[in-house]
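Undergrad: Here is what each chain is made of, one letter per residue.
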Amino acid sequence: MKSIFEGLGKRPIFLIIGIIALTLVFLGGIKQNASIETDLDEYMPSDHPAFVFSDKAEELFGIQDGIILAIEHPESIYNTATLEKIRKITTDLPESFPVIKAEDITSLYTAENITADEFGLEVNDFYTQAPSSQAELEQLRRRVEDNEMVYERLVSSDGRAALIMAEISDDVFSDEFYANLKEYADRWSGPETIHIAGRPVVEGELGKLGPQDMARMAPLVLIVMIILLLFLLRSLRDTIINLVIVLFGTVAAFGLKALLGIPVYSVDTMMPVMLIAIGVAYGIHMHNTIDHLVQLHPGIEKQDLVRKTLTAMVRPVSMTAVTTAVGFTALLTSEVLPVRFFGLFTATGVLLEMLLALLLFPASIFLFGPPRPKKKRKQAANLGANTSSPGKTDKFQERGRRFTKGLTKHPKTVILIATSLTALAAFGATQVWIETSFLANFEKDSEIVRTDNFVNKHFGGTSTLNVILSADEPDTFKDPQVLFIMDDLQNRVEEDPAAGASFAVTDFMRRMHKVMHEDRPEYNKIPENREMIAQYLLLYEMSGDPDNLNQVIDYDYQTANLTIQLKSDSSAVMNRIIKEVETFESSFAEHGVRMRYAGSGYKAMVFSELLLQGQIWSLALSFAIVAVLLWILFGSLFIGLVGVIPIALTAVVNFGVMGLTGIPLSSATALISSIAVGIGVDYAIHLIEHYRSARQAGFSIAEAAADTMSHTGRAIILNTVAVMGGFSVLLVSVFPPNRQVGGLIALNMASSALGTLTILLLILIMMDRKERFKIPSSKTSETEGSAGDSRRKPVNNSQQTNYPGGNK
Amino acid sequence: MKNSNRIAIISALLILTVAMAVPAQETGLSVMEKVYNRPSGETMTADLVMTLTNSRGSTRERTIKQYKIETEDMEKKLMFFLAPADVRDTSFMSWSYNDGRPDDQWIYLPALRRVKRISSDKKDDSFMGSDFTYDDLGERHPSEDNHRILREETLKGENCYVTESIPVDSGDAFAKTVSWIAKDSWTGIKREYYNEAGEVYKTLTIGKTEKIDGYYVITSMTMEDHDRDHSTTILMENVSFDDANIDESFFSERQMQRGPRR
Numbered sequence: 000m001k002s003i004f005e006g007l008g009k010r011p012i013f014l015i016i017g018i019i020a021l022t023l024v025f026l027g028g029i030k031q032n033a034s035i036e037t038d039l040d041e042y043m044p045s046d047h048p049a050f051v052f053s054d055k056a057e058e059l060f061g062i063q064d065g066i067i068l069a070i071e072h073p074e075s076i077y078n079t080a081t082l083e084k085i086r087k088i089t090t091d092l093p094e095s096f097p098v099i100k101a102e103d104i105t106s107l108y109t110a111e112n113i114t115a116d117e118f119g120l121e122v123n124d125f126y127t128q129a130p131s132s133q134a135e136l137e138q139l140r141r142r143v144e145d146n147e148m149v150y151e152r153l154v155s156s157d158g159r160a161a162l163i164m165a166e167i168s169d170d171v172f173s174d175e176f177y178a179n180l181k182e183y184a185d186r187w188s189g190p191e192t193i194h195i196a197g198r199p200v201v202e203g204e205l206g207k208l209g210p211q212d213m214a215r216m217a218p219l220v221l222i223v224m225i226i227l228l229l230f231l232l233r234s235l236r237d238t239i240i241n242l243v244i245v246l247f248g249t250v251a252a253f254g255l256k257a258l259l260g261i262p263v264y265s266v267d268t269m270m271p272v273m274l275i276a277i278g279v280a281y282g283i284h285m286h287n288t289i290d291h292l293v294q295l296h297p298g299i300e301k302q303d304l305v306r307k308t309l310t311a312m313v314r315p316v317s318m319t320a321v322t323t324a325v326g327f328t329a330l331l332t333s334e335v336l337p338v339r340f341f342g343l344f345t346a347t348g349v350l351l352e353m354l355l356a357l358l359l360f361p362a363s364i365f366l367f368g369p370p371r372p373k374k375k376r377k378q379a380a381n382l383g384a385n386t387s388s389p390g391k392t393d394k395f396q397e398r399g400r401r402f403t404k405g406l407t408k409h410p411k412t413v414i415l416i417a418t419s420l421t422a423l424a425a426f427g428a429t430q431v432w433i434e435t436s437f438l439a440n441f442e443k444d445s446e447i448v449r450t451d452n453f454v455n456k457h458f459g460g461t462s463t464l465n466v467i468l469s470a471d472e473p474d475t476f477k478d479p480q481v482l483f484i485m486d487d488l489q490n491r492v493e494e495d496p497a498a499g500a501s502f503a504v505t506d507f508m509r510r511m512h513k514v515m516h517e518d519r520p521e522y523n524k525i526p527e528n529r530e531m532i533a534q535y536l537l538l539y540e541m542s543g544d545p546d547n548l549n550q551v552i553d554y555d556y557q558t559a560n561l562t563i564q565l566k567s568d569s570s571a572v573m574n575r576i577i578k579e580v581e582t583f584e585s586s587f588a589e590h591g592v593r594m595r596y597a598g599s600g601y602k603a604m605v606f607s608e609l610l611l612q613g614q615i616w617s618l619a620l621s622f623a624i625v626a627v628l629l630w631i632l633f634g635s636l637f638i639g640l641v642g643v644i645p646i647a648l649t650a651v652v653n654f655g656v657m658g659l660t661g662i663p664l665s666s667a668t669a670l671i672s673s674i675a676v677g678i679g680v681d682y683a684i685h686l687i688e689h690y691r692s693a694r695q696a697g698f699s700i701a702e703a704a705a706d707t708m709s710h711t712g713r714a715i716i717l718n719t720v721a722v723m724g725g726f727s728v729l730l731v732s733v734f735p736p737n738r739q740v741g742g743l744i745a746l747n748m749a750s751s752a753l754g755t756l757t758i759l760l761l762i763l764i765m766m767d768r769k770e771r772f773k774i775p776s777s778k779t780s781e782t783e784g785s786a787g788d789s790r791r792k793p794v795n796n797s798q799q800t801n802y803p804g805g806n807k
Numbered sequence: 000m001k002n003s004n005r006i007a008i009i010s011a012l013l014i015l016t017v018a019m020a021v022p023a024q025e026t027g028l029s030v031m032e033k034v035y036n037r038p039s040g041e042t043m044t045a046d047l048v049m050t051l052t053n054s055r056g057s058t059r060e061r062t063i064k065q066y067k068i069e070t071e072d073m074e075k076k077l078m079f080f081l082a083p084a085d086v087r088d089t090s091f092m093s094w095s096y097n098d099g100r101p102d103d104q105w106i107y108l109p110a111l112r113r114v115k116r117i118s119s120d121k122k123d124d125s126f127m128g129s130d131f132t133y134d135d136l137g138e139r140h141p142s143e144d145n146h147r148i149l150r151e152e153t154l155k156g157e158n159c160y161v162t163e164s165i166p167v168d169s170g171d172a173f174a175k176t177v178s179w180i181a182k183d184s185w186t187g188i189k190r191e192y193y194n195e196a197g198e199v200y201k202t203l204t205i206g207k208t209e210k211i212d213g214y215y216v217i218t219s220m221t222m223e224d225h226d227r228d229h230s231t232t233i234l235m236e237n238v239s240f241d242d243a244n245i246d247e248s249f250f251s252e253r254q255m256q257r258g259p260r261r
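In order, the protein sequence lines correspond to chains B and V. For the record, in the first sequence the residue sitting at position 384 is 383 according to numbering that gives the first Met the number 0, with numbers rising by one throughout. For the record, in the second sequence the residue sitting at position 259 is 258 according to numbering that gives the first Met the number 0, with numbers rising by one throughout.
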């Protein structure tokens with residue numbers, strides 16, 4: 000293993016050419032094949048029962064998301080010009096946008112008005128040509144306000160706004176479509192304002208904004224990280240290598256994906272985030288070791304330095320990378336396909352980063368010679384020599400010693416603090432809620448949110464929940480008892496301020512009943528007689544537009560679609576409404592009617608629940624995998640279990656902080672907990688490996704701990720500071736979810752580092768004292784003293800010069 | 000004798016030529032007029048079984064007793080629902096005027112015990128919520144379209160004229176229709192409806208034509224709406240013509256409430 004890296008490192012030019020060539024292949028692949036998938040339906044596991052049912056119901060009732068054009072007039076839409084404009088847009092839309100079908104457009108112009116007078120029943124358009132006289136306009140206004148199926152649905156109650164709705168299929172919405180639509184709306188504006196709203200707009204914009212913002216922020220993240228690395232490592236060479244590692248890892252992950260013809264999903268925005276946060280660690284640990292060796296052996300030969308470095312690092316670096324990669328492959332258990340790909344390609348990227356770290360650092364030594372020891376470090380070391388500590392120690396070692404001393408002096412305090420923080424976090428984790436709201440991702444004063452608020456204020460709502468009622472028997476929905484329950488349900492739900500309106504076969508029945516009774520308001524209710532309902536349905540089928548009825552009831556009157564319009568796309572709101580709806584479950588059950596749900600909002604909610612479930616499962620699974628791997632690698636089940644502690648703590652704190660600060664779980668934030676595995680494992684392995692090597696080299700418990708802190712601890716802190724600093728840049732992002740990502744990554748880095756350097760180290764020390772820590776036998780190893788034993792010097796200097804090193 | 004023989008032969012040849020020439024002189028209009036004016040009796044009684052099938056293959060079946068009378072200036076229809084049971088005795092009456100005035104329509108709902116007049120300004124009203132419009136059921140006057148014969152061909156064993164009809168008034172639902180007309184019975188065999196884009200969006204297929212009481216009657220037909228993926232089949236059973244008990248006074252609001260004559 001080592002000789003391969005050494006051999007390749009000796010041919011730096013070949014290596015560089017190889018990396019450039021591969022990078023070009025991957026970039027070419029991205030350029031050629033990469034396609035971005037923004038259709039959320041592509042994310043959903045289509046064979047999940049909830050989705051299967053929803054899709055079937057959507058097909059049965061023609062449930063589709065719609066684009067909403069809201070036409071707002073400063074005074075009133077009841078004027079010739081505005082009505083004419085509504086007519087023209089209604090008829091022109093399918094011509095200007097061939098993807099919109101004429102029959103999928105609803106507006107005051109397309110609406111039919113069933114009215115009655117003493118002579119009979121009339122089925123008319125509200126208007127065919129915009130009326131011109133004041134009397135006619137006034138009459139139109141009255142007709143609209145008399146029709147419950149139009150008033151407040153297509154025309155606002157103050158008469159100042161009207162809607163044109165166009166249902167489109169999922170794959171229609173694109174940037175270009177939206178841009179054209181905006182331009183189209185502008186063209187028709189004045190004196191009216193034309194707003195564009197609707198779920199496809201929000202969904203489309205969201206799918207675009209996130210990656211766009213990430214693309215803008217990513218260079219900033221990198222720049223800040225470069226500056227931090229330069230400052231922390233004090234090495235331009237190693238900073239550049241670090242940069243090459245993370246960039247290559249990212250390009251390779253996306254490139255392989257593109258070459259295999261897999262589209263880029265929005266969760267993939269998290270891929271570079273993971274690969275940067277994790278990849279930097281490999282470089283930093285390599286740098287740290289080389290730096291350390293150079294300090295110990297001024298004037299060391301290239302070959303010797305490379306060999307010593309590889310001896311020390313191949314094992315921990317490859318171990319951390321393999322465990323991290325295996326941890327990510329736990330995401331393959333997710334029901335969500337893009338998440339599976341995310342896990343797979345992030346794992347691949349991590350392994351490539353590991354290889355690169357092990358190749359590039361030796362190559363840089365062969366190419367440019369060993370790095371020079373730093374002046375400041377020397378001074379620190381000299382200063383350290385003046386202290387009471389025996390032997391050659393530097394500032395870091397002294398700090399490490401003090402830290403571990405403090406740690407071991409108050410183990411109870413440390414554990415108490417850690418336990419109470421974990422308990423608080425665990426409580427916080429129970430407060431985490433899932434939020435699938437798309438709108439919550441936009442700034443409150445953004446155009447999209449304002450438009451949505453406008454439509455929600457004046458109309459039923461921009462979001463919908465479809466309650467699908469399926470009966471055991473045909474003709475069930477001709478039963479007045481069943482319709483009464485539906486009507487009650489609608490009334491109950493509409494009491495919730497978030498539910499603006501609802502629409503079902505009941506509304507047709509109320510309208511028909513009233514119309515057949517000369518529009519007398521007391522007949523605005525469900526008929527009490529089954530035959531009458533059947534005959535009204537027949538009459539509507541014969542005289543109205545049968546497609547209207549097909550949206551609320553199926554052919555056998557066995558399945559009904561009750562649409563609830565919501566003024567918020569929050570899944571919390573939807574859950575609340577579903578709870579209210581569920582209170583009618585038993586009443587329906589008495590009539591053999593079962594309630595289920597459909598629609599894109601509902602699917603999005605189920606989807607994120609799946610995502611969350613999957614995330615928790617794969618987290619648990621990756622804990623288990625990591626534990627087993629550590630068990631195998633260190634030959635101790637105990638280490639396996641202990642090594643998982645920092646990961647578990649990081650995950651709990653992550654969810655806890657989300658719960659306590661009100662960051663909801665979404666597809667992006669759910670994946671961040673995966674980083675707990677990636678980073679936590681790295682830290683744990685480096686720490687355990689170093690401690691073990693130190694003990695093996697004959698260090699006392701306390702010395703081994705101090706040395707581990709000063710060496711690995713330093714690398715961990717450098718890594719944490721660089722990554723935290725870089726991702727903190729995201730906190731100023733204009734896209735709220737990316738701010739959350741930045742904050743949570745920083746948090747995860749901090750808690751991983753803190754958990755590893757305190758709890759994990761403390762447990763290692765305590766285990767060791769109780770002789771539960773197996774140290775692999777080596778020629779110099781001997782039984783250590785018990786807890787009270789004072790610091791013991793390393794056996795000799797040569798021992799330390801080998802250091803840090805394993806026995807391999 | 001020889002001369003007279005010759006004359007006879009010449010005359011026979013002449014008659015033959017003229018006889019052969021006559022069908023060749025058919026025009027699109029004359030074909031469609033023959034279809035429109037095909038004798039169909041003054042009154043007709045039939046049981047209609049109407050089956051609506053949607054894209055999912057679900058069906059709604061309705062049985063309707065239909066009475067029809069042709070008068071000089073209009074056609075009157077009176078229909079009573081026999082099944083499904085919950086709409087039994089619901090009745091529907093329409094008077095279609097030959098002069099192009101909008102139809103008069105009435106509905107009677109037994110549960111409401113009231114006859115209501117229905118008026119609608121919608122064009123191409125569907126027949127009882129089916130895929131057929133009233134026009135499709137033979138009430139569209141040939142003068143509403145410009146016709147021409149495209150070709151002659153055999154369809155389902157019938158020698159047919161294939162005619163194209165383009166509406167005079169461009170406001171119609173279809174851009175043109177192409178019809179297959181059987182030469183010997185002057186009944187349609189098939190008709191395709193084209194939209195502005197030149198695509199067939201509806202197809203009418205005649206399943207069966209029977210000769211009853213000396214009249215050709217279409218007793219099975221299906222209209223498919225390709226856009227909606229929806230179809231309607233109408234079967235005619237118990238067809239009888241010129242029932243002496245039925246006259247114009249039968250087509251009244253009173254009769255609607257009284258129910259079908261049994």
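A portion of the hints provided could be inaccurate.
[Claimed, not checked] Per the computed footprint, the stretches of chain V lying under chain B, defined by three or more beta-carbons under 8 angstroms from a beta-carbon of chain B, are:
{"no.": "1", "segment": "43 to 57"}
{"no.": "2", "segment": "86 to 96"}
{"no.": "3", "segment": "106 to 118"}
{"no.": "4", "segment": "124 to 136"}
[What the hints assert, rightly or not] With a Cα cut of at most 25 angstroms, we get these calculated BS3-like pairs of lysine-lysine:
{"no.": "5", "chain 1": "V", "residue 1": "K33", "chain 2": "V", "residue 2": "K115"}
{"no.": "6", "chain 1": "V", "residue 1": "K189", "chain 2": "V", "residue 2": "K67"}
{"no.": "7", "chain 1": "V", "residue 1": "K67", "chain 2": "V", "residue 2": "K175"}
{"no.": "8", "chain 1": "B", "residue 1": "K524", "chain 2": "V", "residue 2": "K115"}
{"no.": "9", "chain 1": "B", "residue 1": "K100", "chain 2": "V", "residue 2": "K175"}
{"no.": "10", "chain 1": "V", "residue 1": "K64", "chain 2": "V", "residue 2": "K210"}
[To be verified] Partner residues are not named here, just some residues of chain V that face chain B (Cβ under 10 angstroms, in silico):
{"no.": "11", "residue": "R61"}
{"no.": "12", "residue": "K64"}
{"no.": "13", "residue": "F80"}
{"no.": "14", "residue": "P83"}
{"no.": "15", "residue": "E223"}
{"no.": "16", "residue": "H229"}
FYI, nobody ran anything at the bench for these hints, they're computed from the structure. Note that the Cβ used here is the ideal one computed from N, Cα and C, for glycine as well.
Undergrad: State for each hint whether it applies.
TA: Evaluated hints:
1. 43 to 57: holds (count 4)
2. 86 to 96: holds (count 3)
3. 106 to 118: holds (count 10)
4. 124 to 136: holds (count 3)
5. V/K33 to V/K115: Violated - the C-alpha atoms of V/K115 and V/K33 are around 36 angstroms apart, more than 25 angstroms.
6. V/K189 to V/K67: At roughly 24 angstroms apart (the allowed maximum being 25 angstroms), V/K67 and V/K189 satisfy the hint.
7. V/K67 to V/K175: Answer violated: V/K67 to V/K175 is near 28 angstroms, above 25 angstroms.
8. B/K524 to V/K115: Judged against 25 angstroms, a Cα distance of about 20 angstroms means the pair holds.
9. B/K100 to V/K175: holds (21 angstroms)
10. V/K64 to V/K210: holds (20 angstroms)
11. R61: holds (8 angstroms)
12. K64: violated (15 angstroms)
13. F80: holds (7 angstroms)
14. P83: Holds: closest Cβ of chain B sits about 7 angstroms from V/P83, inside 10 angstroms.
15. E223: Because about 16 angstroms separates V/E223 from the closest Cβ in chain B, which is outside the 10 angstroms limit, the hint is violated.
16. H229: holds (9 angstroms)
Hint compliance for this structure: hints 5, 7, 12 and 15 are not met, and every other hint is.
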